[in-house]
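**Q** Quick mapping for you: the protein sequence lines, in order, are chains A and B. Using my numbering, read the first sequence as starting at 50 and increasing by one per residue. Using my numbering, read the second sequence as starting at 50 and increasing by one per residue.
Everything labelled a hint here was simulated from the structure, so no lab data went into it. Hints are supplied without guarantee of correctness; some may be wrong.
As the list makes no split between identical chains, a pair holds if one copy fits it or if it spans any two.
As the list claims (entries may be wrong) - Taking lysine-lysine pairs in the DSS-like style, the calculated list, with each CA pair at most 25 Å apart, reads:
| id | residue 1 | residue 2 |
| --- | --- | --- |
| 1 | K248 | K298 |
| 2 | K254 | K298 |
| 3 | K153 | K235 |
Now for the letters of each chain:
Protein chains: 2
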Amino acid sequence: MHALIYKEEGKPLVYEECPDPQPKDGEVLVELKAAAMNHRDVYITQGLYPGIKTPIILGSDGAGVYEGREVVMNPAMNWGDDPHAQSGDFHILGLPQNGTFAQKVAVPANKIYDKPAHLSWEQAAALPLAGMTAYRALFTQGQCTAGQKVLISGVGGGVALFAFQFALAAGAEVYVTSGSPEKLAKAKEMGAAGGANYKEDNWHKSLLKMSGGGFDVIIDSAGGDGFSNLLKTILPGGRIVMYGGTRGKINGLSPQILFWKQASIIGSTMATDAEFKDMIQFVADKKVEPVVDQVFDLPQGQQGFDRMAAGKQFGKIVFKVSE
Amino acid sequence: MHALIYKEEGKPLVYEECPDPQPKDGEVLVELKAAAMNHRDVYITQGLYPGIKTPIILGSDGAGVYEGREVVMNPAMNWGDDPHAQSGDFHILGLPQNGTFAQKVAVPANKIYDKPAHLSWEQAAALPLAGMTAYRALFTQGQCTAGQKVLISGVGGGVALFAFQFALAAGAEVYVTSGSPEKLAKAKEMGAAGGANYKEDNWHKSLLKMSGGGFDVIIDSAGGDGFSNLLKTILPGGRIVMYGGTRGKINGLSPQILFWKQASIIGSTMATDAEFKDMIQFVADKKVEPVVDQVFDLPQGQQGFDRMAAGKQFGKIVFKVSE
Chain A
50 MHALIYKEEG KPLVYEECPD PQPKDGEVLV ELKAAAMNHR DVYITQGLYP GIKTPIILGS
110 DGAGVYEGRE VVMNPAMNWG DDPHAQSGDF HILGLPQNGT FAQKVAVPAN KIYDKPAHLS
170 WEQAAALPLA GMTAYRALFT QGQCTAGQKV LISGVGGGVA LFAFQFALAA GAEVYVTSGS
230 PEKLAKAKEM GAAGGANYKE DNWHKSLLKM SGGGFDVIID SAGGDGFSNL LKTILPGGRI
290 VMYGGTRGKI NGLSPQILFW KQASIIGSTM ATDAEFKDMI QFVADKKVEP VVDQVFDLPQ
350 GQQGFDRMAA GKQFGKIVFK VSE
Chain B
50 MHALIYKEEG KPLVYEECPD PQPKDGEVLV ELKAAAMNHR DVYITQGLYP GIKTPIILGS
110 DGAGVYEGRE VVMNPAMNWG DDPHAQSGDF HILGLPQNGT FAQKVAVPAN KIYDKPAHLS
170 WEQAAALPLA GMTAYRALFT QGQCTAGQKV LISGVGGGVA LFAFQFALAA GAEVYVTSGS
230 PEKLAKAKEM GAAGGANYKE DNWHKSLLKM SGGGFDVIID SAGGDGFSNL LKTILPGGRI
290 VMYGGTRGKI NGLSPQILFW KQASIIGSTM ATDAEFKDMI QFVADKKVEP VVDQVFDLPQ
350 GQQGFDRMAA GKQFGKIVFK VSE
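Same shape as in the complex, but just chain A:
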C-alpha cells in the first residue's frame, strides 16, 4: 500500500509505498476512503507529545470499507473498565501503532461501526476523535440537556465545533467565543444565539448580557488567565468542562465564586466505547453534518499539517485516500 509516513523527527511527511498492515488476532484490515487530522498529529510532528517514535503512520480518524461494509473506526484503545477515567494502558490509534494516513489500517474488530448513511466519506472521517471527545465533554461531563444555555469557547477547533453542533442538535441555546470575527460570523450562520471575541475587553460581560445571566454548561479548551472570567459567566450549579489547555495554567481562580455558585470544573478527554457508540447513533439520528474545512489528497498531506499549524481552519482538515 501507500501511506503518508512521518519518517524522521522534524522532517516533512513523505507519501510512499510501504508494506500492508498485518492484522493481529482480533484485528481487521479496513480499506480507507478518507482520513482526518487532529491537533495531536501536529503536536507529534512538533515533538510536543509523549512517546514519539519514527517511522510512524500518523492519523487517528478514518472511514473506509471492511468486507463491503462502510465503516468508521473508534480510535480510543484500552479505555478499561471504569467509565470515569481511562486506564493506564489507554492509547490512541496513530501512535504507537500505525494510523489512518494510509490506504489501509489494522484495527481491533470491535472498534468498527457502521458509517452514518447521511455522511460523505470525508464527513465520516472527520467524526471519530473530535466527535467522541465533544460528546463525552458535553453530555456525560457537562450534563447538557434541551433548553440549557451553553457556551463553547474557541469555536473554530474540531472538538469545539462538534460540541457546538451537538448542543444545537440537543436543543440547547448555544453561544460561542473566538478570537476571529470570521469564525464568530460562521457560527452565527450555523445557529449560534450569540458570540463574543475574547480578544476584546469585557468579553465575559458581553456574554453575561447577551445570555441573560450566564450559562449552564461551558466547554473550554483554553484555560489560562481568561479562565477566571469564564467562571464569572457560569450559572449556579453549572458545569465548566475542560478538554484542553492551549493557554496554559489557570491563575486567579476564585474559590468563593466556585463554592457559592456550587459550580464544577470537570476535566474530560476522549470517551468510552459506549460513548463512542452513542455519539455515532446521535449523529445518525440528528443528521449532524461534520464541518469539513478543506480536503487534501493524501499524497499532499503535508499541506494539511501546515494549515493546522497556522490555526486557520474552521472545522476538520480531511485527507482523501485513493487507490
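Position chain B relative to chain A; hints supplied.
**A** Just chain B, lined up with the frame of chain A:
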C-alpha cells in the same frame, strides 16, 4: 429573655436582657439548651460578611426544646427548588434574622428535627451548619463511598472534622492535612490513616506515598497557591470539593492534569433540606459524636469569639445556655 447581642460594629458582644422573639406565621419558639459558633459569626464581627446590621443576635447552630421535644434546627433558609444550587433568597439563621446565641429563637416549624438520642446538648448544638456542609460536600458532591481514599485538608476546622468523621463512618480510608502537629496527632487518634503538615516541603508527595497513589475524594477549604499540589494527589476520575477559600485565589492550576485525569473541582456550600435530614439520620445511625473543642457559658460568649479568631480550636466552640 437574655441573649449575647452584637450591639455595635467593632464592639465586643454584650449579654443582656431583650424581648422574646415573636414567632411569625409558620414559626415556632425553641428554648435553647446550647448553641455553637461558626467562622461566619466571627467574620460578621470582623466586618467581613455581606449585609451586616446591628443590633443582631448571631448564631446559626443550636439545640433545645420545643413543646417537650428535644430538637436541633436546620439553619439554612429558602434554599429553593433546585438541588444543585441555592436560590437568590437563600440565607442563614443568625443574620439577617436573630440567631441562637440566646435563650430562645424563632424558626420555621419545618426546620426542627429530633435531636439524635446519643448526643449531649453541647454535641447536638455543634452539629447543624458544619454537619450539613460536610455532608453535602462529602457525599452529594464528592460521591464518597466505602473503601475510597479520602483526604480532608485543614482538619482542625468544624466542617473539616465532620467531613473526616463522616468519611470514617462511611468506611473510607481517610487522610488529613493540618499546619499543626497536635491536630495531626489528634486526627490519627480518631482514626486517620495518615496525615501531612502542609507547612513542610513536599507535603503532597508524602501524601501520594502514604496513600499509595492518591485520593478518590479531597475536601478542601483553603484554595490558594497550595491547591495546584492538591490536584497532583487526585486519582483518575476523582473529585476535589471546595467549600471555602481561606488561602485566597488559586494560581498555577494545570488544565492538562485536570483533563487527563478526568478530575473534577466541585464547589459546595451548605445543603438542601433533604441533605440536612439525611445528615441527622446518618449521625444517629452511625453514632457520630461531634468534636467539642470547648464550652463557654453564653454570658462569657465573647471568649469563644476570641478563641475562634485565634484559630486554636480543634472542633466546635459551644455555648451553654442556662435559664
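**Q** Does each hint fit the structure? Answer for all of them.
**A** Verification of the supplied hints:
Taking the shortest Cα distances, K248 and K298 sit within 25 Å of each other both inside one copy (18 Å) and across copies (24 Å). Taking identical chains as interchangeable, the C-alpha atoms of K254 and K298 lie at most 25 Å apart whether they share a chain (22 Å) or sit on different chains (21 Å). Taking the closest pair of Cα atoms, K153 and K235 never come within 25 Å of each other, the shortest separation being 35 Å inside a single copy and 64 Å across copies.
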